[in-house]
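Listed in order, the protein sequences are those of chains F and H.
With the numbering used here, the residue at position 165 of the first sequence is 310, and numbering never jumps.
With the numbering used here, the residue at position 241 of the second sequence is 386, and numbering never jumps.
One should not assume that every hint holds.
Label-pair distances were calculated between CB atoms; the ranges are [claimed, not checked]:
| hint | chain 1 | residue 1 | chain 2 | residue 2 | range |
| --- | --- | --- | --- | --- | --- |
| 1 | H | Glu429 | F | Phe244 | 53 to 61 Å |
| 2 | F | Glu304 | H | Lys171 | 35 to 43 Å |
| 3 | F | Glu304 | H | Asn238 | 30 to 38 Å |
| 4 | F | Asn296 | H | Lys220 | 34 to 42 Å |
Listing some non-contacts, in silico: residues in chain H with all C-beta distances to chain F over 10 Å [stated by the list, open to error]:
| hint | residue |
| --- | --- |
| 5 | Thr245 |
| 6 | Asp302 |
| 7 | Gly361 |
Using 20 Å as the maximum straight-line C-alpha spacing, the simulated EDC-like pairs for lysine to aspartate or glutamate come out as follows [said to hold, decoys possible]:
| hint | chain 1 | residue 1 | chain 2 | residue 2 |
| --- | --- | --- | --- | --- |
| 8 | H | Lys329 | F | Glu420 |
| 9 | H | Lys444 | F | Asp362 |
| 10 | H | Lys308 | H | Asp256 |
Because the hints were derived from the structure by calculation, they are not lab data.
Where is the CB? At the ideal position from N, CA and C, for every residue including glycine.
Protein chains: 2
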Amino acid sequence: MTTEKKDGIVAVGTVGIDTVETPYGKAKEVMGGSGTFFAIAASLLAPVNLVSLVGTDFDRWAEFDRPGLDTEGVKVVDGKTFRWGGKYQENINIRDTLFTELGVIADNRHDVPESYRGCRTVCLANVDPPQQLHVLDSLDAPELVVADTMNFWISSDLENLKKVIVRADVLILNDDEGRQLTGKLNVTDILSDIQAMGPENVVLKKGEHGALLAMGDEYFSVPGYPLQRVVDPTGAGDTFAAGFTAWLHRTGDKSAEAMKTATVYGSALASFCCEDFSTRRLQEISLDEIEARVESFRKLVHFN
Amino acid sequence: MTTEKKDGIVAVGTVGIDTVETPYGKAKEVMGGSGTFFAIAASLLAPVNLVSLVGTDFDRWAEFDRPGLDTEGVKVVDGKTFRWGGKYQENINIRDTLFTELGVIADNRHDVPESYRGCRTVCLANVDPPQQLHVLDSLDAPELVVADTMNFWISSDLENLKKVIVRADVLILNDDEGRQLTGKLNVTDILSDIQAMGPENVVLKKGEHGALLAMGDEYFSVPGYPLQRVVDPTGAGDTFAAGFTAWLHRTGDKSAEAMKTATVYGSALASFCCEDFSTRRLQEISLDEIEARVESFRKLVHFN
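Make a model of the complete structure from these sequences and hints.
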């Protein structure tokens with residue numbers, strides 16, 4: 146018997162249940178986790194194969210029932226699904242974590258199904274660095290490695306995180322995380338210090354201020370989208386990584402020009418993500434709407 | 146006897162002597178003040194007629210000896226020239242004012258020479274709102290009124306500030322000031338609330354994150370320029386207003402398209418301003434260098 150070989154992006158990340166409060170309301174027990182946001186958003190542009198862990202209590206499979214989203218790699222293990230609770234302040238750029246229950250993530254490994262191993266694109270979303278390395282090692286020969294990280298791993302497991310970073314073609318991180326990782330304050334210093342750690346391409350996400358991409362010694366800037374209502378920014382970073390990675394996979398192009406357009410697709414998807422709680426907006430948007438938003442970004446920065 | 150009629154921009158602002166310390170060094174007793182930065186920067190693009198006050202101790206006239214910069218409106222009065230001292234933290238976005246000595250600004254009025262009164266463009270840079278109103282009332286029929294402000298006036302003289310704002314075609318302010326003026330946190334709310342106070346066009350300056358322009362219900366975004374060294378940001382805001390106003394005056398165009406290009410010229414000049422202490426970099430740049438920087442901004446945001 147031979148295993149069916151699957152095409153597309155392999156993504157590892159958490160699948161969880163969130164309870165989120167923002168100035169616009171509260172969403173209880175909704176879909177969350179870096180893997181969830183990544184998979185739903187990326188599937189809008191390219192096939193995605195999700196590697197994650199859920200507990201036997203998980204009953205939200207219908208949320209993943211989308212064309213191009215494969216969940217063979219979402220393993221069900223004894224125990225509880227990851228849960229996170231957070232509250233955003235009136236200044237929606239500031240959030241407080243109310244609780245984190247790791248559940249099955251604490252003691253189980255993210256294993257990559259045989260059928261995923263030939264995939265040429267991988268995104269290592271936010272899980273701990275040893276699991277990111279394990280996923281990377283399980284793939285035959287990925288041509289594009291995108292890695293995301295989080296402040297928690299920079300302070301708790303820098304040694305393994307650096308092993309991930311050195312193998313990434315693209316590292317995506319927040320400006321705060323960039324300052325923490327490099328000890329630098331100036332964005333050009335942050336970007337060049339991270340490039341010196343391995344990845345030729347680095348995206349610094351700046352929340353409502355957009356994103357700055359460094360490719361070799363070239364820069365590209367995308368503004369924040371002037372949204373009238375930021376209802377819930379949870380998952381916007383994972384959604385950015387999804388749009389970015391999926392655009393590169395879809396075009397099969399890793400050139401500087403493709404990286405720029407990918408940054409805009411990431412920003413466009415992230416802006417939709419913020420328009421409603423959880424994955425609600427991502428579940429309903431179409432490719433036409435994404436392309437219209439990309440055109441809005443183009444118009445937002447165009448001058449004669 | 147008839148008075149010579151002068152063409153160009155009328156700008157009111159302070160002329161002072163600054164002492165500034167940043168992580169890159171210290172500059173003692175250098176040229177400063179909103180009028181100084183405005184006049185030197187604007188004169189790179191258009192004729193500028195400066196309205197300001199200095200004391201009998203002022204001996205820096207050579208700094209103003211530039212083509213297109215008229216100082217008939219800089220009145221010398223008994224007393225001391227305005228002085229300001231500030232220190233920037235390691236995070237250069239944060240500064241502490243060490244001293245402010247108003248000197249002659251405290252008790253004297255900014256009067257507009259007869260020869261300036263027919264000018265069609267005026268920029269009300271950072272002086273107190275009653276003086277901004279006095280300058281505006283002294284002009285025959287300005288076709289373009291650009292106003293700048295500062296957090297201090299929002300808290301201390303909102304009544305007169307609102308009288309300035311209602312008469313402005315363009316209000317330029319920092320994002321912090323926008324939040325203070327409107328009580329709103331979301332940038333689109335801040336911009337529309339200010340537009341409701343009078344000006345159709347509002348520029349929200351975001352420091353290292355660039356600027357966001359609202360024109361009616363249209364937005365335009367300019368990124369921060371990725372400078373390797375921000376040596377001294379003092380005067381960058383006044384320099385932005387200078388590039389913005391001078392571009393509109395130079396082209397004689399107040400269309401939305403012109404406002405966008407003006408925002409880029411303002412950003413380009415402001416980026417030069419930060420490259421050295423005081424007005425040093427502005428004193429040495431050429432029109433070719435400004436245009437090359439504008440092209441860098443275009444490239445920074447362009448994608449296929």
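Comparing the hints with the structure gives:
no.	hint	result
1	H:Glu429 / F:Phe244: 53 to 61 Å	holds (57 Å)
2	F:Glu304 / H:Lys171: 35 to 43 Å	holds (40 Å)
3	F:Glu304 / H:Asn238: 30 to 38 Å	holds (32 Å)
4	F:Asn296 / H:Lys220: 34 to 42 Å	violated (55 Å)
5	Thr245	holds (27 Å)
6	Asp302	holds (27 Å)
7	Gly361	holds (14 Å)
8	H:Lys329 / F:Glu420	holds (18 Å)
9	H:Lys444 / F:Asp362	holds (13 Å)
10	H:Lys308 / H:Asp256	holds (19 Å)
Hint 4 from the earlier list is the only one contradicted by this structure; the remaining hints agree with it.
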